[in-house]
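Chemist: Based on the sequences and whatever the hints tell you, model everything.
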Amino acid sequence: MFENLTDKLGNVFKGLTKRGALSENDVEKALQEVRTALLEADVALSVVREFIDKVKVRAVGEEVLRSVTPGQQVIKIVNDVLIEVLGSVGSELLIDHAPPAVILLVGLQGSGKTTTAGKLAFHLKSKKRKKVMLASLDIYRPAAREQLRILGEQADVLVLPEIDGESPEKIAKRAMAASKVQAIDVLILDTAGRTTLDTAMMSEAKEVFKLSNPSETLLVADAMTGQDAVQTAKAFSELIKISGVILTRSDGDARGGAALSMRSVTGCPIKFVGVSEKLDGLEPFHPDRAAGRILDMGDVVSLVEKAAETIAEEDAAQMMKRMSEGSFDMNDMLKQIGQLKKMGGLGGIMSMLPGIGKLQKQMAANNFNDKAISKQEAIIYSMTKKERVNVSLLNASRRKRIASGSGTAVSDVNRLVKQQQDMARMMKKMGKMGGLGGLKNMMSSLGGGNSNPELGNGQNSVMDANKMAELQKMMGGNMPNLGNMANRFGGMGLPGLGGKPSKKRR
Amino acid sequence: MALNWFKKLKSGLSKSASKVEGAIASLTGKKTIDKETLDDIEDQLILADLGVESASIITKKIKDQKFELNKNKEIEKTQIAKTLAEEIEKILLPREENLYEKVKSKPHVLLLAGVNGSGKTTTAAKIAEKFRLEKKSVVLAASDTFRAAAVEQLKTWGKRVGAQVVSGEEGGDAAAVAFRAFELAKKDDIDIVIIDTAGRLQNKKDLMEELTKTCRVVSKLDQDAPHQKVVILDGTVGQNAHSQLKSFDESIGLTGMIITKLDGSAKGGVVVSLAEKYKIPIHAVGVGEGLDDLQIFEASSFSKALAGLD
Numbered sequence: 001m002f003e004n005l006t007d008k009l010g011n012v013f014k015g016l017t018k019r020g021a022l023s024e025n026d027v028e029k030a031l032q033e034v035r036t037a038l039l040e041a042d043v044a045l046s047v048v049r050e051f052i053d054k055v056k057v058r059a060v061g062e063e064v065l066r067s068v069t070p071g072q073q074v075i076k077i078v079n080d081v082l083i084e085v086l087g088s089v090g091s092e093l094l095i096d097h098a099p100p101a102v103i104l105l106v107g108l109q110g111s112g113k114t115t116t117a118g119k120l121a122f123h124l125k126s127k128k129r130k131k132v133m134l135a136s137l138d139i140y141r142p143a144a145r146e147q148l149r150i151l152g153e154q155a156d157v158l159v160l161p162e163i164d165g166e167s168p169e170k171i172a173k174r175a176m177a178a179s180k181v182q183a184i185d186v187l188i189l190d191t192a193g194r195t196t197l198d199t200a201m202m203s204e205a206k207e208v209f210k211l212s213n214p215s216e217t218l219l220v221a222d223a224m225t226g227q228d229a230v231q232t233a234k235a236f237s238e239l240i241k242i243s244g245v246i247l248t249r250s251d252g253d254a255r256g257g258a259a260l261s262m263r264s265v266t267g268c269p270i271k272f273v274g275v276s277e278k279l280d281g282l283e284p285f286h287p288d289r290a291a292g293r294i295l296d297m298g299d300v301v302s303l304v305e306k307a308a309e310t311i312a313e314e315d316a317a318q319m320m321k322r323m324s325e326g327s328f329d330m331n332d333m334l335k336q337i338g339q340l341k342k343m344g345g346l347g348g349i350m351s352m353l354p355g356i357g358k359l360q361k362q363m364a365a366n367n368f369n370d371k372a373i374s375k376q377e378a379i380i381y382s383m384t385k386k387e388r389v390n391v392s393l394l395n396a397s398r399r400k401r402i403a404s405g406s407g408t409a410v411s412d413v414n415r416l417v418k419q420q421q422d423m424a425r426m427m428k429k430m431g432k433m434g435g436l437g438g439l440k441n442m443m444s445s446l447g448g449g450n451s452n453p454e455l456g457n458g459q460n461s462v463m464d465a466n467k468m469a470e471l472q473k474m475m476g477g478n479m480p481n482l483g484n485m486a487n488r489f490g491g492m493g494l495p496g497l498g499g500k501p502s503k504k505r506r
Numbered sequence: 001m002a003l004n005w006f007k008k009l010k011s012g013l014s015k016s017a018s019k020v021e022g023a024i025a026s027l028t029g030k031k032t033i034d035k036e037t038l039d040d041i042e043d044q045l046i047l048a049d050l051g052v053e054s055a056s057i058i059t060k061k062i063k064d065q066k067f068e069l070n071k072n073k074e075i076e077k078t079q080i081a082k083t084l085a086e087e088i089e090k091i092l093l094p095r096e097e098n099l100y101e102k103v104k105s106k107p108h109v110l111l112l113a114g115v116n117g118s119g120k121t122t123t124a125a126k127i128a129e130k131f132r133l134e135k136k137s138v139v140l141a142a143s144d145t146f147r148a149a150a151v152e153q154l155k156t157w158g159k160r161v162g163a164q165v166v167s168g169e170e171g172g173d174a175a176a177v178a179f180r181a182f183e184l185a186k187k188d189d190i191d192i193v194i195i196d197t198a199g200r201l202q203n204k205k206d207l208m209e210e211l212t213k214t215c216r217v218v219s220k221l222d223q224d225a226p227h228q229k230v231v232i233l234d235g236t237v238g239q240n241a242h243s244q245l246k247s248f249d250e251s252i253g254l255t256g257m258i259i260t261k262l263d264g265s266a267k268g269g270v271v272v273s274l275a276e277k278y279k280i281p282i283h284a285v286g287v288g289e290g291l292d293d294l295q296i297f298e299a300s301s302f303s304k305a306l307a308g309l310d
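Chains A and B, in that order, are what the protein sequence lines are. Numbering follows my numbering, with no gaps: position 503 of the first sequence is 503. Numbering follows my numbering, with no gaps: position 66 of the second sequence is 66.
Simulated from the structure, these hints should not be mistaken for lab results. As the structure is a computational prediction, the values presented were derived from the model and not from experiment. Some hints could be false.
[What the hints assert, rightly or not] No more than 27 Å apart at the CA atoms, straight line, and that leaves these computed lysine-lysine pairs for DSSO-like:
{"hint": "1", "chain 1": "B", "residue 1": "Lys-35", "chain 2": "B", "residue 2": "Lys-66"}
{"hint": "2", "chain 1": "A", "residue 1": "Lys-335", "chain 2": "B", "residue 2": "Lys-279"}
{"hint": "3", "chain 1": "B", "residue 1": "Lys-213", "chain 2": "B", "residue 2": "Lys-90"}
{"hint": "4", "chain 1": "A", "residue 1": "Lys-386", "chain 2": "A", "residue 2": "Lys-418"}
{"hint": "5", "chain 1": "B", "residue 1": "Lys-213", "chain 2": "A", "residue 2": "Lys-375"}
{"hint": "6", "chain 1": "B", "residue 1": "Lys-205", "chain 2": "B", "residue 2": "Lys-186"}
{"hint": "7", "chain 1": "B", "residue 1": "Lys-35", "chain 2": "A", "residue 2": "Lys-29"}
{"hint": "8", "chain 1": "B", "residue 1": "Lys-277", "chain 2": "B", "residue 2": "Lys-102"}
{"hint": "9", "chain 1": "A", "residue 1": "Lys-29", "chain 2": "B", "residue 2": "Lys-60"}
{"hint": "10", "chain 1": "A", "residue 1": "Lys-371", "chain 2": "B", "residue 2": "Lys-187"}
{"hint": "11", "chain 1": "A", "residue 1": "Lys-54", "chain 2": "B", "residue 2": "Lys-35"}
{"hint": "12", "chain 1": "B", "residue 1": "Lys-187", "chain 2": "A", "residue 2": "Lys-341"}
{"hint": "13", "chain 1": "A", "residue 1": "Lys-341", "chain 2": "B", "residue 2": "Lys-205"}
{"hint": "14", "chain 1": "B", "residue 1": "Lys-102", "chain 2": "B", "residue 2": "Lys-35"}
{"hint": "15", "chain 1": "B", "residue 1": "Lys-205", "chain 2": "A", "residue 2": "Lys-278"}
{"hint": "16", "chain 1": "A", "residue 1": "Lys-321", "chain 2": "A", "residue 2": "Lys-241"}
{"hint": "17", "chain 1": "A", "residue 1": "Lys-56", "chain 2": "A", "residue 2": "Lys-125"}
{"hint": "18", "chain 1": "A", "residue 1": "Lys-278", "chain 2": "B", "residue 2": "Lys-213"}
{"hint": "19", "chain 1": "B", "residue 1": "Lys-66", "chain 2": "A", "residue 2": "Lys-342"}
{"hint": "20", "chain 1": "B", "residue 1": "Lys-205", "chain 2": "A", "residue 2": "Lys-375"}
{"hint": "21", "chain 1": "B", "residue 1": "Lys-204", "chain 2": "A", "residue 2": "Lys-278"}
{"hint": "22", "chain 1": "A", "residue 1": "Lys-54", "chain 2": "A", "residue 2": "Lys-130"}
{"hint": "23", "chain 1": "B", "residue 1": "Lys-90", "chain 2": "A", "residue 2": "Lys-371"}
{"hint": "24", "chain 1": "B", "residue 1": "Lys-90", "chain 2": "B", "residue 2": "Lys-77"}
{"hint": "25", "chain 1": "B", "residue 1": "Lys-155", "chain 2": "A", "residue 2": "Lys-278"}
[To be verified] Taking beta-carbon pairs under 7 Å as the criterion, some of the chain B residues facing chain A (in silico):
{"hint": "26", "residue": "Ile-46"}
{"hint": "27", "residue": "Val-52"}
{"hint": "28", "residue": "Gly-117"}
{"hint": "29", "residue": "Ala-149"}
{"hint": "30", "residue": "Trp-157"}
{"hint": "31", "residue": "Thr-236"}
[To be verified] Here are the in silico distance ranges between beta carbons for each label pair:
{"hint": "32", "chain 1": "B", "residue 1": "Asp-206", "chain 2": "A", "residue 2": "Val-410", "range": "26 to 34 Å"}
{"hint": "33", "chain 1": "B", "residue 1": "Asp-173", "chain 2": "A", "residue 2": "Asp-280", "range": "37 to 45 Å"}
{"hint": "34", "chain 1": "B", "residue 1": "Leu-38", "chain 2": "A", "residue 2": "Glu-28", "range": "13 to 21 Å"}
{"hint": "35", "chain 1": "A", "residue 1": "Glu-24", "chain 2": "B", "residue 2": "Leu-38", "range": "18 to 26 Å"}
{"hint": "36", "chain 1": "A", "residue 1": "Lys-127", "chain 2": "B", "residue 2": "Gln-223", "range": "12 to 20 Å"}
{"hint": "37", "chain 1": "A", "residue 1": "Gly-407", "chain 2": "B", "residue 2": "Glu-209", "range": "44 to 52 Å"}
{"hint": "38", "chain 1": "B", "residue 1": "Tyr-278", "chain 2": "A", "residue 2": "Gln-318", "range": "52 to 60 Å"}
{"hint": "39", "chain 1": "A", "residue 1": "Lys-127", "chain 2": "B", "residue 2": "Asp-224", "range": "32 to 40 Å"}
{"hint": "40", "chain 1": "B", "residue 1": "Tyr-278", "chain 2": "A", "residue 2": "Lys-234", "range": "49 to 57 Å"}
Quick reminder that beta carbons are idealized off the backbone N, C-alpha and C, glycines included.
Modeler: Listed below in structure tokens is the structure:
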């Protein structure tokens, strides 16, 4: 969701880093552009002002202007302040006291409360091993309760049965009594959407809040919200004690300004972001990583976590073994494609790598996307078992057969074979040495080898080990993880390509 | 009706309006508009989601105006609010277009699209209600086959507004539902078909393609159908509205837009910059949860409400 903002800020910073010395005027000018970029990203005006002021105070200090790399210093300051605004630590839900812990979801109409309730139930059940009950207090919107019931069934958690004609307060009471009887750990109350100007509806929310005494009161807000984010957040947090924010539709192309505003106005952490329409599309929010993404410094931590989550350890170990033997055949490639897809496809992975914003555009321009990967998959599926193990069998007539079988052209088959061979060669090398250099090559061969020189170059410059070190230096001690991650990242290679992921983190 | 809408809109917009008034009030006793006041006005416009560019263009127009001084040799404050409203109206007026006057064929097919949670289903019901009052028969197509209970939601509305609802199974083909509704309308001599599609984020390529497909399939029964393709924008949305409008227009060729949820504290000012940039008509605004809370868009009322004029 931050890509657009990233681009804009990137351009501003490019101007800064090119110069050896910065005058106060230069900083001022750059910050003016930062202001516009933030406003266009729907960051609330008051938050933008505060942000700019903070950066300005620190940036015009003498150390910055006299330092060797003033431009990078300014970027570092912007990053620091961004993390401050986004909150410096990620935070877990506080639901571990005497059960049932109540989670109350509030928000405007259409912000995504009901869907989020389902996702949250699924998250608590599958990742936290909690016994969850869902209850809908939305007696207004047609079929709202039915929607929650279906989501509950999908998540396989209990849903409070509906009784017609009950008030939201009564339903809340009944839900609490029921969850006590049924030994529920967490009760999630989904409320009706309301505008903050509707006093009757707002006092209803307050009543429910009072009588349910929630452990967590989460404001569900749309990531695409404009300047109104501040009004909404203020109105709700003045009425009831909000403990956190869930930002929905973060998988859209909104520039993420609402994230900055919400955090700043409520003072509450953003606890989760909604990232798809599916039940598992809810992810914990990490402010430091989000700041990294905004400034296009990547989110390698999330990537590694995701890899560890997706790839079974024994698979990786086996792959590692095969790699060191130098035997990387089409079956391995197929497996690797499968893992890539599981991790959210190329787009998902790319969005977490540093400096990759531009590259993504190049990829789009070159029509290299997840479809291309599916195509590769189809080609391999059209090979016989023997062919998959022994590529040298593939003569012209076999290649022709494979092409027609997979609905591709012979040239596509040729490209894939070349790619596989390049990779096998490199795997062998990497198996011996590990390290980031291998990664670089690997990625360019993933991009289609020599058939796509522009792409290859882009990656070389982006993933260059020196650049990584420079980035780390630039960030000073503020991103301690990055250095480590780079090493670990190098050690394990691109997820699914072998290497051994660290133990599961969760 | 118009007055009713204006009142509702005004009460919704009152927060922003009073702020614009506040910015203008700082002019008291001044002979010229100083930079501070202009910055204030610009900030207020940004707060109303007009966006940096539109806000600065409009502010510049205010700056370029020569205001007459009153007998105390100071600028008349309402004059500025009026000018502000006029400048906004100039931008919005060419986009004013009554949704209901565009009904020419029978059956007339109207497709509603938009991101998740923008209010498509509720708007579909409101439009159906309006047609019912005009004594026109309506069939609703529940083309949201994805979201849990979306069909039930539309069915409940269908009962309330006395419209038939055509639906398919959950996870089924959205285009097929639309097609069958159109077929039914032709067979039973029904006036209006309203297709309520699933919400989708505009950057999801596959989902946007599904929408294009729905239009394509419907056009097999009548090459001009869907006759109207309207995007529903959430009034609380910020600059992302630009991306929404652009993507939906590119994929299905929009004939208009409807702005919902203007009864809250959001101002929907992004409409102004949308009107500047795109030639897509604005049909109506949603100002409440009641069936009669969808009002014809009027540029002058909207502009006045934004500028804080009565």
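Chemist: Compare the structure with each hint and give your call.
Modeler: Status of each hint after checking the structure:
no.	hint	in the structure
1	B:Lys-35 <-> B:Lys-66	holds, 15 Å
2	A:Lys-335 <-> B:Lys-279	violated, 49 Å
3	B:Lys-213 <-> B:Lys-90	violated, 37 Å
4	A:Lys-386 <-> A:Lys-418	holds, 18 Å
5	B:Lys-213 <-> A:Lys-375	holds, 23 Å
6	B:Lys-205 <-> B:Lys-186	violated, 32 Å
7	B:Lys-35 <-> A:Lys-29	holds, 19 Å
8	B:Lys-277 <-> B:Lys-102	holds, 23 Å
9	A:Lys-29 <-> B:Lys-60	holds, 20 Å
10	A:Lys-371 <-> B:Lys-187	violated, 41 Å
11	A:Lys-54 <-> B:Lys-35	holds, 24 Å
12	B:Lys-187 <-> A:Lys-341	violated, 46 Å
13	A:Lys-341 <-> B:Lys-205	holds, 17 Å
14	B:Lys-102 <-> B:Lys-35	violated, 45 Å
15	B:Lys-205 <-> A:Lys-278	holds, 16 Å
16	A:Lys-321 <-> A:Lys-241	violated, 54 Å
17	A:Lys-56 <-> A:Lys-125	violated, 46 Å
18	A:Lys-278 <-> B:Lys-213	holds, 22 Å
19	B:Lys-66 <-> A:Lys-342	violated, 63 Å
20	B:Lys-205 <-> A:Lys-375	holds, 17 Å
21	B:Lys-204 <-> A:Lys-278	holds, 14 Å
22	A:Lys-54 <-> A:Lys-130	violated, 42 Å
23	B:Lys-90 <-> A:Lys-371	violated, 46 Å
24	B:Lys-90 <-> B:Lys-77	holds, 20 Å
25	B:Lys-155 <-> A:Lys-278	holds, 24 Å
26	Ile-46	holds, 6 Å
27	Val-52	holds, 5 Å
28	Gly-117	holds, 3 Å
29	Ala-149	holds, 4 Å
30	Trp-157	holds, 6 Å
31	Thr-236	holds, 5 Å
32	B:Asp-206 <-> A:Val-410: 26 to 34 Å	holds, 28 Å
33	B:Asp-173 <-> A:Asp-280: 37 to 45 Å	violated, 24 Å
34	B:Leu-38 <-> A:Glu-28: 13 to 21 Å	holds, 19 Å
35	A:Glu-24 <-> B:Leu-38: 18 to 26 Å	holds, 24 Å
36	A:Lys-127 <-> B:Gln-223: 12 to 20 Å	violated, 51 Å
37	A:Gly-407 <-> B:Glu-209: 44 to 52 Å	violated, 19 Å
38	B:Tyr-278 <-> A:Gln-318: 52 to 60 Å	holds, 55 Å
39	A:Lys-127 <-> B:Asp-224: 32 to 40 Å	violated, 51 Å
40	B:Tyr-278 <-> A:Lys-234: 49 to 57 Å	violated, 32 Å
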